[in-house]
Each structure stands twice: as structure tokens, then as C-alpha cells.
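Peer 1: Okay, here's what each chain looks like letter by letter:
There are 2 protein chains.
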Amino acid sequence: MWKPDRLSGRTLYQQIADDIEQRISYGEFPPGSLLPSERKLAEQLGVNRSTVILAYAELRSLGIIESRSGSGTRVSKYKWGATPRHTPNWHRYTEGGSFLPNLPFLRRIREALRQNPALIDYASGELAGDLAPVEEINHLMSEKHYTSYLGYDNPQGYNPLRESLVSYLKQYRGIQTTDASILITSGSQQSLYLITQCLLSPGDAVAIEDPSYYYSLPMFQSAGLRLFRLPVDDKGVRPEDIRSLYKKHRIKMVFINPNYQNPTGLVLDDERRIELLDVASELGLPIVEDDPFSLTAYDGTPPMPLKSIDPIGSVLYIGSLSKIAASGLRVGWMVAPHAVVERLADARQQMDFGLSVVPQKVASQFLKSPYFQPHLERLRMHLLYKRDLLIEALHKELPDLVSFAIPQGGLHLWCKIIPEVNDNKLLEEAIRRGVIMVPGSVYGSDSGYVRFTFARPSAEEIGPGIAKFAAALRSVL
Amino acid sequence: MWKPDRLSGRTLYQQIADDIEQRISYGEFPPGSLLPSERKLAEQLGVNRSTVILAYAELRSLGIIESRSGSGTRVSKYKWGATPRHTPNWHRYTEGGSFLPNLPFLRRIREALRQNPALIDYASGELAGDLAPVEEINHLMSEKHYTSYLGYDNPQGYNPLRESLVSYLKQYRGIQTTDASILITSGSQQSLYLITQCLLSPGDAVAIEDPSYYYSLPMFQSAGLRLFRLPVDDKGVRPEDIRSLYKKHRIKMVFINPNYQNPTGLVLDDERRIELLDVASELGLPIVEDDPFSLTAYDGTPPMPLKSIDPIGSVLYIGSLSKIAASGLRVGWMVAPHAVVERLADARQQMDFGLSVVPQKVASQFLKSPYFQPHLERLRMHLLYKRDLLIEALHKELPDLVSFAIPQGGLHLWCKIIPEVNDNKLLEEAIRRGVIMVPGSVYGSDSGYVRFTFARPSAEEIGPGIAKFAAALRSVL
Ligand SMILES: Cc1ncc(COP(=O)(O)O)c(C=O)c1O
Ligand SMILES: Cc1ncc(COP(=O)(O)O)c(C=O)c1O
Chain Z
1 MWKPDRLSGR
11 TLYQQIADDI
21 EQRISYGEFP
31 PGSLLPSERK
41 LAEQLGVNRS
51 TVILAYAELR
61 SLGIIESRSG
71 SGTRVSKYKW
81 GATPRHTPNW
91 HRYTEGGSFL
101 PNLPFLRRIR
111 EALRQNPALI
121 DYASGELAGD
131 LAPVEEINHL
141 MSEKHYTSYL
151 GYDNPQGYNP
161 LRESLVSYLK
171 QYRGIQTTDA
181 SILITSGSQQ
191 SLYLITQCLL
201 SPGDAVAIED
211 PSYYYSLPMF
221 QSAGLRLFRL
231 PVDDKGVRPE
241 DIRSLYKKHR
251 IKMVFINPNY
261 QNPTGLVLDD
271 ERRIELLDVA
281 SELGLPIVED
291 DPFSLTAYDG
301 TPPMPLKSID
311 PIGSVLYIGS
321 LSKIAASGLR
331 VGWMVAPHAV
341 VERLADARQQ
351 MDFGLSVVPQ
361 KVASQFLKSP
371 YFQPHLERLR
381 MHLLYKRDLL
391 IEALHKELPD
401 LVSFAIPQGG
411 LHLWCKIIPE
421 VNDNKLLEEA
431 IRRGVIMVPG
441 SVYGSDSGYV
451 RFTFARPSAE
461 EIGPGIAKFA
471 AALRSVL
Chain F
1 MWKPDRLSGR
11 TLYQQIADDI
21 EQRISYGEFP
31 PGSLLPSERK
41 LAEQLGVNRS
51 TVILAYAELR
61 SLGIIESRSG
71 SGTRVSKYKW
81 GATPRHTPNW
91 HRYTEGGSFL
101 PNLPFLRRIR
111 EALRQNPALI
121 DYASGELAGD
131 LAPVEEINHL
141 MSEKHYTSYL
151 GYDNPQGYNP
161 LRESLVSYLK
171 QYRGIQTTDA
181 SILITSGSQQ
191 SLYLITQCLL
201 SPGDAVAIED
211 PSYYYSLPMF
221 QSAGLRLFRL
231 PVDDKGVRPE
241 DIRSLYKKHR
251 IKMVFINPNY
261 QNPTGLVLDD
271 ERRIELLDVA
281 SELGLPIVED
291 DPFSLTAYDG
301 TPPMPLKSID
311 PIGSVLYIGS
321 LSKIAASGLR
331 VGWMVAPHAV
341 VERLADARQQ
351 MDFGLSVVPQ
361 KVASQFLKSP
371 YFQPHLERLR
381 MHLLYKRDLL
391 IEALHKELPD
401 LVSFAIPQGG
411 LHLWCKIIPE
421 VNDNKLLEEA
431 IRRGVIMVPG
441 SVYGSDSGYV
451 RFTFARPSAE
461 EIGPGIAKFA
471 AALRSVL
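Residue numbers (the UniProt record's numbering), protein chains in the order written: chain Z, 1 to 477; chain F, 1 to 477.
Among these hints, one or two may not hold up.
[Said to hold, decoys possible] Once the Cα atoms are required to be at most 30 Å apart in a straight line, the calculated DSSO-like pairs of lysine-lysine come out as: (1) Z:235 - Z:248; (2) Z:170 - F:416; (3) F:247 - Z:77; (4) F:170 - Z:77; (5) F:77 - F:3; (6) F:396 - F:3; (7) F:3 - Z:247; (8) F:247 - F:235; (9) F:368 - F:396; (10) Z:247 - Z:235; (11) Z:77 - Z:3; (12) Z:425 - Z:396.
The hints are simulated quantities; they were obtained by calculation from the structure and are not laboratory data. Note that the structure is a prediction, hence the values are computed from the model and not measured.
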């Protein structure tokens, strides 16, 4: 009997749904006939009952089968009656489109976390729930007369939030700007997306750090961009590499995450910053500075952004509340010349009509509130504590199998696995043992690295998580 | 002396900024020299002072000039010093990108509303502020322990909202579905965007109503789609037209807004609905049903969606809170086969990482709350009242210059101007006289129509707004 293929790229339930649809169309199950119960089919196919439930739901949504409580699941008479009727071939539609799907590793990680929420999660690049300012936000939201205007808002972003950000940027990031130069986006992510869609054209060459977060974003390829690598050493990228990429490939833009870089945790060296800005101004080349992590600086003195010393306006600056407050708020911002802000705001109006005013109001209040500074201090202490727990656990569990630089800020630790190891096997084995992290190849690096987001698991989970990881690693070596 | 060109496509302040930049680079203003004061330059150029302020801000953000309070605005020494330094040519970047800008008429309308908030606004396709459930939402937001989880959420949407929507769709729209088949988006707009980006490929042909909202969305062209028209008569589109478009152009999808269509206010005839679904299933053709207006039915009995009688699953159904509650919440949804939902959720994760959980929580509570039904009843009464005020005003002010069908639901009235008229002149003259509406050509129709959104102005503004419009119309005939 047919069994779904666990190694194929398609999910089990889709394979099952397709199989049943074929069997129906071939007459194995005539119109109106009863299908096997979910439990029985699950047994036959050797899958979870929930997988069969999903397969049946899919077929039901396509009108191919019908379920009535009490009388089981039957082949739909209408669909399979006299006249030939065709459900659109949805699978073919989902395989079309110019926008590329996420990397297989990232989809696998998402699926694993969905299937087993008890996994110790070193993979999700975000804060643990108890590090977010939940109480503070609750409190701000409960204030009266909060939502006074609820119409389509300026697609550039809610005015009071842009005004709060002018002060925030000055006070915390040394950036002088005006509200006309600020665009509010759904996290840094949407800023990056808008830049790739609206300022760059298919075929354009851009430079990105290697390794970097940007490698995990097929959105760059979806926009038809050609990516060139800027290798990162312990001082960050080398500015002269930009010059040579420009000469060779006429790169149009440089994407940089200079402070506690994702995934390496590194900070771009001060001298290189000056040089980088010199090269940019010499070449008239825009730099996109993605700066979500700075305020997590464990010693309380965040590195200042390129934008704060950008003499002639080469830098598009991107910030976000995701890594310093709450990623679920989806509040990010870009500082850019007004012409750029206008172009992006105009485009995003067609994409989503702007960000909901509700979280923008919350964010605006939060940044101005007396909660913000103490929240940051608490956050830094906790991150430092968790970082140290992770380092301790790695030293204890894997004393001579790993090596790493110690990050001074941010959420991640970039860990080299010294012996040779297969990324895929290691990930699957880790999942099987109850822990999950991101294989380094997602970030464009050679295999043999993993990214641990120590901000995400609870302090109690950090040690046991690494014990599980160590067992997984040893078992696949 | 040079003056900015008011008829050029570029904004005045940009023209001024470019001019000054040129004059600096040509040595007219040497490094360190003082520029004219904002007031003086405004006088010289015959523009508002605020325009010059914006031009200077732009140049400041580019590092080209510097202002210090008390000592005026000077040409930056650093930028124009010894070494040649180049700010990126931001204007060229904003003209690149594969995503097309909004239609000129729509940008003009946005700009006019921004410049003069006192305009009587028949243009913004949304509810007046006092028709939104602001108090109710305030109340729901003030409930305690509201925001318990604030991490990256499932990109498919917040679970409790999807569950609330399962009940809502069953009770109000006759649609049976499960939360696995629901995708939450930033309004209907983002559902449409995701479909065009992820399910269709450049070069694909699609059919849209003529006139329709979709014509106002360059996003269709940005995705490289070829658009074919389905003319709308008083019963809506003709299903046989779909068959012939399919034969001729192999259309891949049909976009329909069957209930109180934007802009015509028409409802697709019952028999045609059945025929339409027959054609779709005969051809295996997907129908996108955009259904934001139904619950505004003035008599309280909304037309049911195609999706509720879709026997084999041809329909992707889209809904939204924008037109029945508040557009600034940015909460919309799509009902689709799970495979489609997964594909779109995966893509949107890269675009914006999903919708903020805060408005999703609010929306979920609101739909389940005892406020929802009374809100709808109040909304319908007010819309009917405003519609009647508009009709009365049109009869009074323009008895023999206009004709229109009377909408039974929705926010808009589609008004034919009987004598020949120039869209552009009429719009500019209306703005000059303090009222704004959308020229019909935005929706792909021949000129000679306008769309009045009577839901947007206050009841007190409706009569005076039409009086201004009538004066504008007569003056351009
Ligand atoms: C470097 C970097 N940029 C951008 C993002 C996107 O974050 P958000 O959209 O939540 O601000 C991330 C998230 O992991 C990141 O690490
Ligand atoms: C027919 C139609 N579809 C979609 C939209 C987008 O609305 P939203 O994204 O606010 O739900 C509109 C708004 O005018 C509309 O009229």
C-alpha cells in the first residue's frame, strides 16, 4: 500500500490529500461513498491522526469530500457528479509567483517548533517572553481615550510615533533627524523589503556581509538582485573590499549590520567605520545600516551607528523595537532622505496601506514613558546572565568540540563546531533530542557553525538545552 | 531668475533643493557661505515658506547644507571641501525599483488632503471617524492582562483571531471553514498583494471588473500581470465574458468585488453568481472574491458571498474590518486552501514578519464582543442617512448634470457627469473650492464619472460639499 514519503519536500498531509484525490478520480472511492475514519487511515499510513485530519480538511476545503458529524467523511457527490468540474490546481499556483519561499532549513525549523512547542528554542531570533515589557505595555494600553483616530493613516507612519523617534534617535543613537525623514515599517524586515523592491532593480548588484542575516532572506533573490560577499573578520567587514566590488561589479548598495552583528555578534571596528564612510562618499554609494541590537550592549554603552557620523548622507538607517522590546509589536523605522521616504511610503500604501495605528500608538507612548530606560537596564542584565549561562554550558558539555567569540551585546552566540559535521543531520538529531538552533549555512557561511540565540530560552533551559545539543552532536560525529 | 515649475511632475521642494545643490556645485555659493533665509528665498521663488523649509531640510539630510540656530543656513564645508565627496544620487534610486508608484491622481489627492485638512473629503474610501467603534475598542484595550505574548507570532496570523473568524464567517457570511484555512493580512490590500506576488507570475493574464478598485492599484502591473476587462452592467459582470477571455488569453485568475462594488455600488446578480461558479469550475479557474462591504447592507440583509455557495473550492475569499469598523486597524483575512495559506504566510514572513499581535487581539475581542452587532446596526443607519443626504444634495445642486444608480450598501456613490468634462480640471477646481472626490478614470472607466465616498464626510459637510462641487463643475464646463 502507498505510504507518504518523509524525505520528499512536500508535507505529509499534502501527499495524503493528493493521494486520496487521485484515488477518488480513479474510481476507487465513488461519489457519495464513505472514506476510512481518520484514526483508521492514520494507522494504515503510519502517521499521526492530526496529519490525516489536516489532509481531510484540505480535501474538504477543495469541495472534494464532505464530513457530517455522526456520519463520517464521504466523497462529495456534487463535485464528482455528472458534469466535469475542476477545482483550480492550487498546488501549481503555489509553485508560481515571483516571490521565493523561505530557505528549507528555516521552514523546517518553523515546522518543528509548531509540531513540538516543548523544544528548547535556541533558534528563534528574539527575546524570551519574560524579557518583553509586557506589563508596561499592558499599562500603557489601558490608559483611557487611547485610540482616537482609526482611519487610514499617513502611509509614512503615525505622526506622534515619528516625533517620539526624533527624540529617541537623538538621545540614544546620536542621530539628528526630523519626522519628515522617518518611515515607520513592520519591523526592520519591511524596511529591508521596501528597499529591495523600490530602490533597486532586477539585475542590480549589492554587497552583503558574509556570514549575515541577509543570506537567510530569499527576498534579495526575489527582487532579482545579485549578491556579493563582504567577508567578516574579527573587526567586521573590510572597507577596501567594497571598493573592489564596486570596481568589478558596480554594486549599487551595501547592507551592513555593524553592531553585534547577526549571526556573529561582532562589532565593526571604529577605524573601519570612518574608512567605510569615506569609501561610500568617494563612490556615491548608499549604505543600509541595520541596527536592531545596539541598545542591548551589556555594559550599557552601545556602539554608535554609522548614521551618527555620516557627514554627507550616505546612510539609510534602520531600527526596530523587536530586539530591545517585543518582536510581536512589529514596529520598525527607517531614517532616509525625504525623497526616499516618500517613494517607499507610496509603494507600501499599495502593499498593505501602512502599519496599524494601534501598535504605533503603543510604541510611541512606550519610547516616551519612564518605563523605557529601566526596561533596557533590566534587559541588559538578563541577556548578560543568559550569555554567561550559555558559555558555561558550552565549556562544560563540549570543552574541545566548539569555539566562539564572546559577544558583548545582542541575542546570539556564533559557535564553530570544530570537527566536521553535517548540518542537516545535526539539526534533525537536535530536534529529536528536544533542542533546536540554526545551522550556520543559513547565513551563507560554510557549514560547521551554529547560531545559538541565548535570549530566547529561559535561564533554566539553557544548560539542559546544551546538554541535549552536545548529545546530538556527539551522536552524529 | 529660475522659478520652480508647478506643472512638472516633481514636487516644488525637490525642484528647489536640486536647484540649490546645482548652484552650490557650480560655485555660486562657496563652502561655508550663507544661504538666503527661508523667508527671503520663499519670496524670491514665489512659494510658501514651508516649501523652502522642506527644501532646506532635504539638503540638510544630504549633508549639503548646515543650519545652526541663530547663525542661519550655510553650505557645508565638509561636504564641499577638498576631497571630492558624493552623496548617493537618491533621486535616481527612487526612480528605480520594480514596484510602480501610485497613480498620479491618487498621489495628487493624498497631497491635497495633506496640505489642506479642511477639504471636504469625498475621496478617502473609508468611514468617518465617528462611525468607527472607537469607544468600544478603547474599552476592549483597557481590559487587563491583554498583551500576554509579544514574540514573533505565527505568520499565518494570531490563533485566537483566526478562531474568532471561523465563527464570524459562519454566522455572518455563511462560510464554513477552519482556522488552518485562514490567513490574517494587513487589510484586504495585503491579501491582494500576496496573491499577485506569490500565486501569479509575470506575464500571466488576469480578469478584473471594469470599472473597479483594482484599476487603481499599480501593484497588478508591478507584478507583471496582463489585465483584461470584464465590463460591469447593472447586474455586474457577465460570466460568458470570462469564458471568452479564457479562450483568448488563458486568464489565470478572476478578481471580483461582487457586493456593493467599489466604485459602482452594484451587487452581482444571483443567477450570474451560479453561472460564474459554473464557468470557474468548468475551467478550473480561481476566483478572488473581495468582500469588504457586505455587512453595510442598509436593510440589514447582506448579499451572501460566492464563497458560501462555492461547491468545489474555486474561490479565494477576502474580508476586512476596514469598511465595517476601522481602516486604521489594518486587519483583513483570506480564506483559502491550506496549501495557499502556507505559501502566502511563508512569503509574508519575509516581507514583514506578520501583522502586529496587538490589533489582532483587539480585532479578535471585538468580533466576539457584544459590541459588534449593535455597532453594525448603528453603522448601517448612519450610512443610509448619509447616502440620502448626498442624493438630496445632488438632486438639488445638479438636477440635470448628473445621473447615478442608488446604492443599497457600501460607502460610495458612482456618479455620471452628463456633459463632457476634463477629469483633471474638475479635480483641481474642486480642490480649489474646498472639496475633493476621485475622478472615475482612476477606476479604469472612461472619463465623465466621479466617485463620492459619502461615508467619509460628516453629515453636516455633505450638502455644502456638493454645493462646492457643483460650483466647480459648472465653472469647468
Ligand atoms: C539583522 C537583522 N535585521 C532585521 C531583522 C528583522 O527584525 P524585525 O523585522 O523584527 O525588526 C532581524 C531579525 O532577526 C535581524 O537579525
Ligand atoms: C474593493 C476593495 N478591496 C480592498 C480594499 C483595501 O481595503 P483594506 O486593505 O483597508 O481592507 C479596498 C479599499 O478601498 C476596496 O475598496
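Peer 1: Is residue 368 of chain F within 30 Å of residue 396 of chain F, Cα to Cα?
Peer 2: 43 Å, violated
Peer 1: Within a Cα-Cα threshold of 30 Å, do residue 425 of chain Z and residue 396 of chain Z meet the stated pairing?
Peer 2: 23 Å, holds
Peer 1: Is the straight-line distance between the alpha-carbon of residue 247 of chain Z and that of residue 235 of chain Z 30 Å or less?
Peer 2: 23 Å, holds
Peer 1: Holds or violated: are the alpha carbons of residue 247 of chain F and residue 77 of chain Z at most 30 Å from each other?
Peer 2: Holds, because 28 Å separates the two Cα atoms, which is no more than 30 Å.
Peer 1: Are residue 396 of chain F and residue 3 of chain F close enough, with their CA atoms no more than 30 Å apart?
Peer 2: 44 Å, violated
Peer 1: Between residue 77 of chain F and residue 3 of chain F, does the CA-CA distance stay at or below 30 Å?
Peer 2: 27 Å, holds
Peer 1: Take the C-alpha atoms of residue 3 of chain F and residue 247 of chain Z, compute the straight-line distance between them, and say whether it is at most 30 Å.
Peer 2: Violated: residue 3 of chain F and residue 247 of chain Z sit about 39 Å apart, past 30 Å.
Peer 1: Quickly compare the C-alpha distance for residue 170 of chain Z and residue 416 of chain F to 30 Å and report which way the hint goes.
Peer 2: Since the Cα atoms of residue 170 of chain Z and residue 416 of chain F sit roughly 53 Å apart, the hinted pair is violated (cutoff 30 Å).
Peer 1: Would you mind confirming whether the straight-line C-alpha gap from residue 235 of chain Z to residue 248 of chain Z stays at or under 30 Å?
Peer 2: 24 Å, holds
Peer 1: Holds or violated: residue 247 of chain F with residue 235 of chain F, Cα cutoff 30 Å?
Peer 2: 23 Å, holds
Peer 1: Compare the distance between the alpha carbons of residue 77 of chain Z and residue 3 of chain Z with 30 Å, and conclude whether the hinted pair is satisfied.
Peer 2: Given that 30 Å is the threshold and the Cα spacing comes to 27 Å, the pair holds.
Peer 1: Going straight from one Cα to the other, do residue 170 of chain F and residue 77 of chain Z come out at no more than 30 Å?
Peer 2: Holds - the C-alpha atoms of residue 77 of chain Z and residue 170 of chain F are around 22 Å apart, at most 30 Å.
Violation of the numbered hints given earlier is confined to hints 2, 6, 7, 9; the remaining hints are satisfied by the structure.
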